[in-house]
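So you can see what is in the structure, the chains are spelled out below.
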Amino acid sequence: MTTESKPTIQFTPERLAKVQEIIARYPEGKQKSALLPLLHLLQEQEGWTSPEGMDYVASLLNIEPIEVYEVASFYTMYHLQPVGKHVIEYCRTGPCCLMGGEEVYAHLKQRLGIDTGQTTVDGQFTLKEVECLAACGMGPVFQIREKYYMHLTNERVDEIIDELSK
Amino acid sequence: MATKILTEHINVPGIETFDVYRKQGGYTAVEKALKTMTPEAVVEEVKKAGVRGRGGAGFPMGMKWSFLAKPEGVPRYLVCNADESEPGTFKDHYLMKNIPHLLIEGMIISSFALGANKSFIYVRGELMYVIHILEKAIAEAKAKGFLGKNILGSGYDLELVVQPGGGAYICGEETALLESLEGKRGNPRNKPPFPAVKGLYQCPTVVNNVESIATTAWIVNNGGDAYAGIGIGRSTGTKLISASGHINKPGVYEIELGVPVEDFIYADEWCGGIRPGHKFKALVAGGSSVPILPANLALTLANGEKRLMSYESLSDGGFATGTMLGSGGFIVFDETSCIVRNTWNFSRFYHHESCGQCSPCREGTGWMEKVLHRIEHGHGHQHDIDLLVDVAKKIEGNTICPLGDAAAWPVASAIRHFRDEFMWHITNPQEATQPGAVYRGDLALV
Chain A
4 MTTESKPTIQ FTPERLAKVQ EIIARYPEGK QKSALLPLLH LLQEQEGWTS PEGMDYVASL
64 LNIEPIEVYE VASFYTMYHL QPVGKHVIEY CRTGPCCLMG GEEVYAHLKQ RLGIDTGQTT
124 VDGQFTLKEV ECLAACGMGP VFQIREKYYM HLTNERVDEI IDELSK
Chain B
334 MATKILTEHI NVPGIETFDV YRKQGGYTAV EKALKTMTPE AVVEEVKKAG VRGRGGAGFP
394 MGMKWSFLAK PEGVPRYLVC NADESEPGTF KDHYLMKNIP HLLIEGMIIS SFALGANKSF
454 IYVRGELMYV IHILEKAIAE AKAKGFLGKN ILGSGYDLEL VVQPGGGAYI CGEETALLES
514 LEGKRGNPRN KPPFPAVKGL YQCPTVVNNV ESIATTAWIV NNGGDAYAGI GIGRSTGTKL
574 ISASGHINKP GVYEIELGVP VEDFIYADEW CGGIRPGHKF KALVAGGSSV PILPANLALT
634 LANGEKRLMS YESLSDGGFA TGTMLGSGGF IVFDETSCIV RNTWNFSRFY HHESCGQCSP
694 CREGTGWMEK VLHRIEHGHG HQHDIDLLVD VAKKIEGNTI CPLGDAAAWP VASAIRHFRD
754 EFMWHITNPQ EATQPGAVYR GDLALV
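Chains as they are written, first to last, in the numbering used here: chain A, 4 to 169; chain B, 334 to 779.
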């Protein structure tokens with residue numbers, strides 16, 4: 004990030020205060036530890052993890068942009084492409100599948116009219132497949148932002164989509 | 334009534350708050366440790382308890398603590414591994430969500446014992462709502478003088494930091510976790526040096542699982558000998574088991590180690606039996622990475638005795654007829670389950686989660702997934718089974734971290750015990766790829 008260019012993304016004052024609080028958690032000079040939390044903060048504000056946002060985070064932590072890109076691309080939670088309003092992260096791992104997870108997923112795709120990785124034309128829903136969400140006894144499971152939706156059935160999926168579409 | 338060390342009060346309304354937790358006897362162990370014990374005495378009790386790492390490795394926690402280097406003037410760190418991601422495992426999620434102060438109390442005791450003044454709880458990022466619960470609990474504990482400077486006037490200072498992950502199974506491996514906590518990709522480190530010598534920020538560090546750390550409150554209150562008196566043999570104490578799959582009562586159960594596997598599956602107190610009208614086909618006893626066992630071997634040892642829920646009994650017979658307790662991720666399969674499909678599913682998981690550092694794991698997990706995919710989808714060849722065994726063998730033991738082994742074992746064990754089912758898929762591709770088709774050949778269903 005060059006010093007002349009003004010970042011096109013700026014955290015809200017509340018988030019900037021939070022950034023300072025997060026950086027202060029770590030020992031002097033170890034501010035890079037704040038990278039994952041700051042990327043979560045960025046995505047919370049912007050909806051996705053954009054190149055401009057990553058450059059901005061690099062400038063806040065005084066590290067090279069590449070150090071942010073290589074990290075953001077390693078972890079699965081950071082959306083490196085724009086996403087819809089609701090990102091459905093659907094568990095595709097064994098225990099959920101035992102409870103009918105694959106059948107419910109087929110229904111969900113049909114209901115939304117999209118496949119994995121796609122966004123509905125109205126921009127409301129993006130569908131992602133994820134690995135085990137540590138809720139295996141309550142499967143099938145998906146997550147939207149911080150919320151877990153458990154014991155999914157076709158009917159329950161329809162209710163959730165109806166609710167979120169309002 | 335079985336002893337409950339971790340979950341006795343978990344259903345008390347409001348137990349997530351400081352006041353209710355305190356009313357149930359919470360934080361008395363912090364008072365006892367900080368006011369009446371030396372750090373060495375706390376370590377001694379944990380050693381006596383014989384508690385073994387509850388994340389899956391089963392390494393004695395007191396011994397791990399005793400390896401911590403203590404050079405003058407260098408900070409030491411305790412890092413709690415709350416990156417719970419092993420398929421079939423959801424006990425730490427359950428514990429932290431419902432009774433966060435138990436972990437915080439354990440963190441204070443453990444940090445005191447290790448001489449750490451700043452400790453971290455690394456929670457998988459997907460559990461952001463649990464992170465908020467923990468942060469709230471930490472703020473409460475701090476307001477009551479159990480965290481911060483000069484805790485309870487003891488002169489001991491401690492700050493607790495909750496760190497979110499970014500979504501990566503590999504960060505459950507302790508050195509990958511430390512890399513991640515330093516703001517890097519989760520690539521496991523070569524060992525040595527071990528974290529006990531060079532860990533977080535190149536300083537001496539102990540990494541322990543949530544459940545392991547949570548035991549310390551009870552151990553300080555009741556003594557290591559009392560803890561060691563629970564359980565069986567070297568499997569001391571209690572264990573949280575995450576039960577999922579085709580059982581009547583999925584959930585998290587705290588058992589005294591040594592309960593027969595059969596009782597755990599069929600007793601109403603625990604899983605409540607296989608779902609009605611179905612038979613028990615197979616078991617993954619300790620998370621997706623441990624060898625899968627057919628029902629008969631899950632229930633009974635090679636010598637005919639009942640298999641028990643303990644480190645020793647579950648591994649009895651080695652990988653020929655046994656498995657591992659692992660993380661306690663207990664996945665039950667009935668006769669409607671396709672072992673080939675499940676093995677492919679687990680292989681896809683490990684391929685997706687391989688960090689890519691070591692060629693045998695990066696390439697091998699991909700090949701296993703591809704070969705299993707073609708068998709499951711009706712394009713398998715006769716030699717594919719031996720090919721899978723060969724690939725699994727070439728990964729095992731040849732990688733920096735145990736993810737390679739974790740990827741190899743499910744495949745090798747599924748073929749070891751269910752070879753006929755794999756062969757049926759290869760020789761009857763049309764039948765095997767029908768929707769809902771499952772092998773109904775010679776199986777030891779229970």
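I should point out that these hints are in silico values taken from the structure, not numbers from a laboratory. Computed from a prediction, not measured in an experiment: that's the story for all the values here. Be aware that one or more of the hints could be misleading.
If you anchor each label on the Cβ, the simulated ranges turn out as follows [unchecked claim]:
1) Lys21/A x Asp352/B: 26 to 32 Å
2) Trp51/A x Gly774/B: 35 to 41 Å
3) Gln535/B x Ile69/A: 44 to 50 Å
Quick partial rundown of chain A residues pointing at chain B, CB under 10 Å, derived from the structure [as the list claims (entries may be wrong)]:
4) Phe14
5) Glu17
6) Ala20
7) Lys35
8) Gly50
9) Trp51
10) Val74
11) Cys99
12) Tyr152
Beta carbons: idealized from backbone N, C-alpha and C, even for Gly.
Structure-based check of all given hints:
Checked against the given bound of 26 to 32 Å, the beta carbons of lysine 21/A and aspartate 352/B, roughly 27 Å apart, stay inside it. Taking the beta carbon of each, tryptophan 51/A and glycine 774/B are about 49 Å apart, not inside 35 to 41 Å as hinted. Separated by about 22 Å at the C-beta atoms, glutamine 535/B and isoleucine 69/A break the suggested range of 44 to 50 Å. Interface hint at phenylalanine 14/A: violated, since its Cβ lies 17 Å from the closest Cβ of chain B, which is beyond the 10 Å cut-off.
A cut of 10 Å between beta carbons decides the hint on glutamate 17/A: the least distance to chain B is about 16 Å, and the hint is violated. Among the interface hints, the one on alanine 20/A is violated; its C-beta lies about 15 Å from the nearest C-beta in chain B, farther than the 10 Å criterion. Restraint check, lysine 35/A versus chain B: the minimum CB separation of about 4 Å is within 10 Å; hint holds. With a cut of 10 Å, the hint placing glycine 50/A at the interface with chain B is violated, because the nearest CB-to-CB distance is about 15 Å.
The beta carbon of tryptophan 51/A comes no nearer than 14 Å to any beta carbon in chain B, farther than 10 Å, and the hint placing it at the interface is violated. Here the hint on valine 74/A is kept, as its CB sits about 6 Å from the closest CB of chain B, short of 10 Å. Look at cysteine 99/A: its Cβ gets to within about 9 Å of chain B, closer than 10 Å, so that hint holds up. Restraint check, tyrosine 152/A versus chain B: the minimum CB separation of about 13 Å is more than 10 Å; hint violated.
This entry does not satisfy hints 2, 3, 4, 5, 6, 8, 9 and 12, going by the numbered hints stated previously.
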